[in-house]
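Number of protein chains: 2
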Amino acid sequence: MTPDATEQRVLEAIRQRRELVNEALESDVPMAEPERLYEASRYLLKAGGKRLRPTVSLLTAEALADVEPMSEDYRAFPTLAGGSIDVMTAAASIEVIQSFTLIHDDIMDDDDLRRGVPAVHKEYDTETAILAGDTLYAKAFELLTQTGADPANGLEAVRRLATTCIRICEGQALDIEFEHRNGVLPDEYLNMIELKTAVLYGTAAAIPAVLMGADDDVVEALYQYGIESGSAFQIQDDVLDLTVPSEKLGKQRGSDLVENKETIILLHARQQGVDVENLVEAKTADELSEAEVQAAVDELDDAGSIDYAREMAEDLTEQAKARLDVLPDNESRDLLCDIADYLITRGY
Amino acid sequence: MTPDATEQRVLEAIRQRRELVNEALESDVPMAEPERLYEASRYLLKAGGKRLRPTVSLLTAEALADVEPMSEDYRAFPTLAGGSIDVMTAAASIEVIQSFTLIHDDIMDDDDLRRGVPAVHKEYDTETAILAGDTLYAKAFELLTQTGADPANGLEAVRRLATTCIRICEGQALDIEFEHRNGVLPDEYLNMIELKTAVLYGTAAAIPAVLMGADDDVVEALYQYGIESGSAFQIQDDVLDLTVPSEKLGKQRGSDLVENKETIILLHARQQGVDVENLVEAKTADELSEAEVQAAVDELDDAGSIDYAREMAEDLTEQAKARLDVLPDNESRDLLCDIADYLITRGY
Chain H
1 MTPDATEQRV LEAIRQRREL VNEALESDVP MAEPERLYEA SRYLLKAGGK RLRPTVSLLT
61 AEALADVEPM SEDYRAFPTL AGGSIDVMTA AASIEVIQSF TLIHDDIMDD DDLRRGVPAV
121 HKEYDTETAI LAGDTLYAKA FELLTQTGAD PANGLEAVRR LATTCIRICE GQALDIEFEH
181 RNGVLPDEYL NMIELKTAVL YGTAAAIPAV LMGADDDVVE ALYQYGIESG SAFQIQDDVL
241 DLTVPSEKLG KQRGSDLVEN KETIILLHAR QQGVDVENLV EAKTADELSE AEVQAAVDEL
301 DDAGSIDYAR EMAEDLTEQA KARLDVLPDN ESRDLLCDIA DYLITRGY
Chain V
1 MTPDATEQRV LEAIRQRREL VNEALESDVP MAEPERLYEA SRYLLKAGGK RLRPTVSLLT
61 AEALADVEPM SEDYRAFPTL AGGSIDVMTA AASIEVIQSF TLIHDDIMDD DDLRRGVPAV
121 HKEYDTETAI LAGDTLYAKA FELLTQTGAD PANGLEAVRR LATTCIRICE GQALDIEFEH
181 RNGVLPDEYL NMIELKTAVL YGTAAAIPAV LMGADDDVVE ALYQYGIESG SAFQIQDDVL
241 DLTVPSEKLG KQRGSDLVEN KETIILLHAR QQGVDVENLV EAKTADELSE AEVQAAVDEL
301 DDAGSIDYAR EMAEDLTEQA KARLDVLPDN ESRDLLCDIA DYLITRGY
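Line by line, the protein sequences are chains H and V. The letter at position 37 of the first sequence is residue 37 when you use my numbering, and the numbering goes up by one with no holes. The letter at position 254 of the second sequence is residue 254 when you use my numbering, and the numbering goes up by one with no holes.
If you are wondering where the hints come from, they were derived from the structure by calculation, not from laboratory data. Note that the Cβ used here is the ideal one computed from N, Cα and C, for glycine as well. It cannot be assumed that every hint is accurate.
Said to hold, decoys possible - Each pair of labels, with its calculated beta carbon distance range:
#, chain 1, residue 1, chain 2, residue 2, range
1, H, Gly273, V, Pro151, 52 to 58 Å
2, H, Glu19, V, Glu19, 29 to 35 Å
3, H, Leu113, V, Val117, 35 to 41 Å
4, H, Asp187, V, Pro328, 36 to 42 Å
5, H, Asp187, V, Gln8, 56 to 62 Å
6, H, Ala152, V, Asp187, 26 to 32 Å
7, H, Glu19, V, Lys261, 27 to 33 Å
8, V, Glu33, H, Gln146, 46 to 52 Å
9, V, Ala152, H, Arg181, 18 to 24 Å
10, V, Glu33, H, Ala32, 46 to 52 Å
11, V, Glu123, H, Lys283, 43 to 49 Å
12, V, Glu33, H, Asn182, 48 to 54 Å
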């Protein structure tokens, strides 16, 4: 399958489920009093987003249950032991956690924009944004208790989500720490992106299996699928910033080079003796010339740093896809494979 | 029983359990990496505090199980259906939530001090304080999944804690809103303090009953006990600020009058036609004279506002104590009664 055909299939799978996910978020996180708090809590959820994580959750459920994609009601979805659960609410809870982390991250990083609209702390204020995040945080746990799953499975899902949230906080703390520290090692960086980003993909994939009563080895394989493809996604981001033409990227190619952003490419290059602090003279993305970027990319290429990152992303993706062997061979499993490929072929 | 004797009994009950609670917090929220994040997360927990909420949880468990106080291992505590649970971890999870809310509240209110030490966002920084609160938040849920309770009871406990956290956020949002709004009604104020403060007392009392498999009406009665005694506590705070001599209070009597703090007393007085904005001329607590405070207190007294608040606190306390009739008649139940009394007789 060509990258373009893969992307088409993935985007179609997402598109088919997105409206259902949006409806679920609307009804599972309804307006309430005080109005301003709930408006702020729902603001980012309503601003859109691909809904990639909930799509992964829904596809995992469909692959596990071995049913035709979109053939079952996600609100009364068959479990492996008979009976049914609301797998949509579980998928929504993952997106709600994602939304909470974005709101708090934007405060910490003082980012102005998110999903093309002002960040919550800009549209409202910092106090309201802290509280909106805190509200969503609890809401996600409340939702996850309401899937109708066997209580032992429900409790294990809650435990996994709680542990995941702790890991995300650890990842964000490391990300902040790395901005102020020289000599970050590639392994430390990989650990950081796993914690900050990949664990929530892993949990999105694993939680439906937990709720449906899958065996531990299936749950663990799905979790690793998410960890590995989520990590590959972050690494590929670094590659794309340097290698995709600016007009396709939608921003200046090589902007990571002027933003003092540590990437796996630069960390590798530093280990190879490249003077990464002086790869470009420009101080802002606006000052960057295409020629300057190309010279820097050539130097990183010579050091093997771009290949190092690209191969790492590809290896992780292959590992992620192999994890899916625990699932029945069906269309939803193929789509989960496609998503892993898409995460390192998309990006502009 | 005289107020002094009640206070002695309550403080002794707290003292006996505090060391065990502190040990549980130390082992249930251990140091981990990244170090700075975990130091910040543990900073306020280690700064002390009465541990009133965990004490309420432990006493509720003992009263329900009808065992001698301190006679059973809290880590292997008998449930009503046989078997045992770790009720200490449940008690710790309540204190961890309390700690998270204080850390985030102090950021929102930009308070410098907490429990006699710098607030977390002052000792560290705002980013770290947001993350420390977020880490504790998830930690509390993780802990509550690990009590060894029947999974259905464990899941219901998680649901209750999640809903409680949502309510606390709503209460804090209302508190912030009320600072910028005139004409807050007493009922709105009572709703706010119930959400912001009392629901966590209610949950501290109810969760052991949930985990131990008590009937719904027992759980609900214990929840209401906490709601009512927690609300009485907040209301009595307003009374004490005006009526306890400064030397006993440890700060200038009447400081609420200059801080534009809406209290149930001032809200009532405004409804009675008192010009509450001009009760005192002083703009800071330092400028307040004892004579000026006394004149203001006399005016509020004439309007019936102080009695209104005092009677409300007393009525709530009597209601709270009556809720405990669902429990077996034993020493722990008596101590829960004493705590309700103590909450409106202590305070300086």
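Verification of the hints:
1. Gly273/H / Pro151/V: 52 to 58 Å: 56 Å, holds
2. Glu19/H / Glu19/V: 29 to 35 Å: 56 Å, violated
3. Leu113/H / Val117/V: 35 to 41 Å: Since Leu113/H and Val117/V have Cβ atoms about 37 Å apart, the given range 35 to 41 Å holds.
4. Asp187/H / Pro328/V: 36 to 42 Å: Given a distance of about 57 Å, which is not inside 36 to 42 Å, the answer is violated.
5. Asp187/H / Gln8/V: 56 to 62 Å: At roughly 57 Å between Cβ atoms, Gln8/V and Asp187/H fall inside 56 to 62 Å, so the hint holds.
6. Ala152/H / Asp187/V: 26 to 32 Å: At roughly 42 Å between Cβ atoms, Asp187/V and Ala152/H fall outside 26 to 32 Å, so the hint is violated.
7. Glu19/H / Lys261/V: 27 to 33 Å: 47 Å, violated
8. Glu33/V / Gln146/H: 46 to 52 Å: Since the Cβ atoms of Glu33/V and Gln146/H sit about 34 Å apart, the hinted range of 46 to 52 Å is violated.
9. Ala152/V / Arg181/H: 18 to 24 Å: Given range 18 to 24 Å: violated, Cβ gap about 47 Å.
10. Glu33/V / Ala32/H: 46 to 52 Å: 38 Å, violated
11. Glu123/V / Lys283/H: 43 to 49 Å: 34 Å, violated
12. Glu33/V / Asn182/H: 48 to 54 Å: 19 Å, violated
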